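**Q** Listed below are the residues making up each chain.
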Amino acid sequence: MNEMTDNSTVGYMTDDGRQIGGTMMEMKNITLRFGGVVAIEDISFDIHEGEIRAIIGPNGAGKSSMLNVISGFYHPQEGEVWFHGTKRPTTRPYKVAQQGIARTFQNIALFKGMSTLDNIMTGRMTKMKSSMLSQAIWWGKAASEEAEHREKVEEIIDFLEIQAIRKTPVGRLPYGMQKRVELGRALAAEPKLLLLDEPMAGMNVEEKEDMSRFILDVNDEFGTTIALIEHDMGVVMDISDRVVVMDYGKKIGDGTPAEVLANQDVIDAYLGVSHD
Amino acid sequence: MSANFYYGVEVFLNGLMAGVMYSLVALGFVLIFKASGIFNYAQGVMALFAAMTLVGIQNGQVPFAHLINAIFGTHVKEFGWHVPAFLAILLTIGVMILFAFIVERYVLKHLVNQEPIILFMATIGLAYFMEGFGDLMWGSEIKKLDVGIPQGGNTWIEESTAFLGGEEFYGFYIDSLDIVAAIVAILLVASLVLFSQYTKTGRALRAVADDHQAALSVGISLRTIWVIVWSIAGFVALVAGIMWGSKSGVQFSLSLIALKALPVLMLGGFTSIPGAIVGGLIIGVGEKMFEFLIGAPFLGGATENWFAYVLALLFLVFRPQGLFGEKIIERV
Chain A
0 MNEMTDNSTV GYMTDDGRQI GGTMMEMKNI TLRFGGVVAI EDISFDIHEG
50 EIRAIIGPNG AGKSSMLNVI SGFYHPQEGE VWFHGTKRPT TRPYKVAQQG
100 IARTFQNIAL FKGMSTLDNI MTGRMTKMKS SMLSQAIWWG KAASEEAEHR
150 EKVEEIIDFL EIQAIRKTPV GRLPYGMQKR VELGRALAAE PKLLLLDEPM
200 AGMNVEEKED MSRFILDVND EFGTTIALIE HDMGVVMDIS DRVVVMDYGK
250 KIGDGTPAEV LANQDVIDAY LGVSHD
Chain B
0 MSANFYYGVE VFLNGLMAGV MYSLVALGFV LIFKASGIFN YAQGVMALFA
50 AMTLVGIQNG QVPFAHLINA IFGTHVKEFG WHVPAFLAIL LTIGVMILFA
100 FIVERYVLKH LVNQEPIILF MATIGLAYFM EGFGDLMWGS EIKKLDVGIP
150 QGGNTWIEES TAFLGGEEFY GFYIDSLDIV AAIVAILLVA SLVLFSQYTK
200 TGRALRAVAD DHQAALSVGI SLRTIWVIVW SIAGFVALVA GIMWGSKSGV
250 QFSLSLIALK ALPVLMLGGF TSIPGAIVGG LIIGVGEKMF EFLIGAPFLG
300 GATENWFAYV LALLFLVFRP QGLFGEKIIE RV
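These protein sequence lines are chains A and B, in that order.
Note that numbering that gives the first Met the number 0 has the first sequence beginning at 0, numbered continuously upward.
Note that numbering that gives the first Met the number 0 has the second sequence beginning at 0, numbered continuously upward.
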């Protein structure tokens, strides 16, 4: 089907001339079942260092389940997850986060009662090292640490152009802004791998353009590897380097946007096919 | 001004002080409810257990003395030393933290994602287990708790306010213990608020209280947070246990202070720390003033026993989320 996924540890060159690194994460024969329902069936693919990797597919194809497997929320019955060349044991979501994998959610999971600033500060959680005692008496490391991480958070706020809503409780923000804050919280962890679950769902054209720009900038400026799920074919084809296509829990295509678009199975899945 | 007016003021002040004591208990409930959505029925028993442990350690009691004597036919009772109050409090804090670990490890861990009612039932079980365990460990007789907090009417306040009301007024009678309790409660709440606002762990606590899934995704371990929350609730229980225990002795009825916290929670809201404080003050002042103004003269007295619950009922009708609680809106 395509020549690129040869499990090589060497990278490749994109059409627009960016050098992509070796394999960062590899999913090997993942199968995930909920009772009798097979959400993911024997899927393998890889994510290279520095690329933007999209997972697309119609509703109920198992895309979100796949993202939940990567981020440790779901545990597949079969298959292996390899990260940075080592096999990952069955793990917990917070441990995955500590390994440098940050994510956003399809239905936005922000801390609604907390301000934008505080929400993004929680993203620094894995980077903060002061002891409980030091925090309790606000002495030594805890105080200096707060200031230091605050600075980093301000950089992210500037980057995402959300200075105006720094102190606003996020529950009061409009949808598009909430999505942006959620991206900010994920970025605050300075992740090696950023997982975005439908970052543009429910947005208008303008908001989608903004979000696309931020995703490309994150990849470009911070060199963050990004894996995203999206419905909007147009956007996906524009910003991603390689695409995995899923349908009914199976992988039906994998390759560059151009390759995927030329794939007959993909066309059938998206446009429907006559069964005669 | 007539002496009666000043007696009214005195009742008001004493109501505030009583309110602080209620708040101390309510605070423990709020902490756990916010972080894990569990209504911890065992909070009152935790206060009792903490107070018993403190007295036991202070007096150098041998834990499980009855059990040991029954099995080995010995007659051990006390180690024969006396532990200073400060050290005993530190040791008791240690015991409460250990308790938090055990609760997380053997109870909560197995009940993740269960219905709130199941978790509530689990805490009922926990309450009765702890009560029995506490008796087994330290004995069930009434104990005197003394960590050096002054008690009895504060003569300085009494003397310096005596001039206010003329011949028949002798100055405000306020128990020194209540004043200490109020100061301790203010410090406790202030430090809890500062801790939760400006530290990493505090932020993690708030994050978990807000959204479990999101908290996991930023690398917060729910289990660690639960241990921390139960430890803090254990510490708050200890403070409440010390205050109430100093006032009325350490005995079974100490665990019933939890019942007094219920109307406070309904008033203040289950999710608000300031709510627990304000709710406690309103209940404290409300029941004392009602007794003074209406109960004693017209209703034959003893209204303090039920007034708080009636007030709470009224609140349930008109403002079910309490004064400061989060409004419950379910989006469909």
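No lab work stands behind these hints: they were computed from the structure.
As the structure is a prediction and not an experimental result, all values here were calculated from the model.
Among the hints, a few may not be true.
Derived SDA-like pairs (lysine to any residue); straight-line CA-CA distance at most 25 Å [unchecked claim]:
no.: 1; chain 1: B; residue 1: K76; chain 2: B; residue 2: F251
no.: 2; chain 1: A; residue 1: K126; chain 2: B; residue 2: R222
no.: 3; chain 1: A; residue 1: K94; chain 2: B; residue 2: I96
no.: 4; chain 1: A; residue 1: K94; chain 2: B; residue 2: F251
no.: 5; chain 1: A; residue 1: K111; chain 2: B; residue 2: Q320
no.: 6; chain 1: A; residue 1: K86; chain 2: A; residue 2: I107
no.: 7; chain 1: A; residue 1: K207; chain 2: A; residue 2: D219
Listed below are several chain A residues computed to face chain B (Cβ distance under 10 Å; list not exhaustive) [claimed, not checked]:
no.: 8; residue: P92
no.: 9; residue: K94
no.: 10; residue: G122
no.: 11; residue: R123
no.: 12; residue: M127
no.: 13; residue: K207
no.: 14; residue: M210
Backbone N, C-alpha and C fix where the C-beta goes; we use that ideal spot for every residue, glycine too.
**Q** If a hint holds in the structure, say so; if it doesn't, say that too.
**A** Outcome of the hint check:
Annotation: proposed proximity of K76 (chain B) to F251 (chain B) holds, straight-line Cα distance about 21 Å (limit 25 Å). Our distance criterion of 25 Å between C-alpha atoms is met by K126 (chain A) and R222 (chain B), whose separation comes to about 19 Å. Restraint check: the Cα-Cα separation between K94 (chain A) and I96 (chain B) comes to about 24 Å, which is no more than 25 Å; the hinted pair holds. Only pairs whose Cα atoms come within 25 Å are accepted, and K94 (chain A) paired with F251 (chain B) is rejected, the gap being roughly 43 Å.
Straight-line distance between C-alpha atoms of K111 (chain A) and Q320 (chain B) comes to about 18 Å, which keeps the hinted pair within the 25 Å bound. A C-alpha spacing of about 30 Å is found between K86 (chain A) and I107 (chain A), which places the hinted pair above 25 Å, so the restraint is violated. The suggested pairing of K207 (chain A) with D219 (chain A) holds, with an alpha-carbon distance near 18 Å, which does not exceed 25 Å. Interface hint status for P92 (chain A): upheld, as the beta-carbon distance to the closest one in chain B is roughly 4 Å, under 10 Å.
Restraint check, K94 (chain A) versus chain B: the minimum CB separation of about 8 Å is within 10 Å; hint holds. Here the hint on G122 (chain A) is kept, as its CB sits about 6 Å from the closest CB of chain B, short of 10 Å. Hint status for R123 (chain A) relative to chain B: holds, with the closest Cβ pair at about 8 Å, below 10 Å. Because the closest C-beta pair between M127 (chain A) and chain B is about 4 Å apart, less than 10 Å, the hint holds.
Given the 10 Å rule on beta carbons, the hint for K207 (chain A) is violated: about 23 Å separates it from the nearest Cβ of chain B. Taking 10 Å as the C-beta cut-off, the interface hint given for M210 (chain A) is violated, the closest approach to chain B being about 19 Å.
When the structure is compared with the earlier hints, violations turn up for hints 4, 6, 13 and 14 and for no others.
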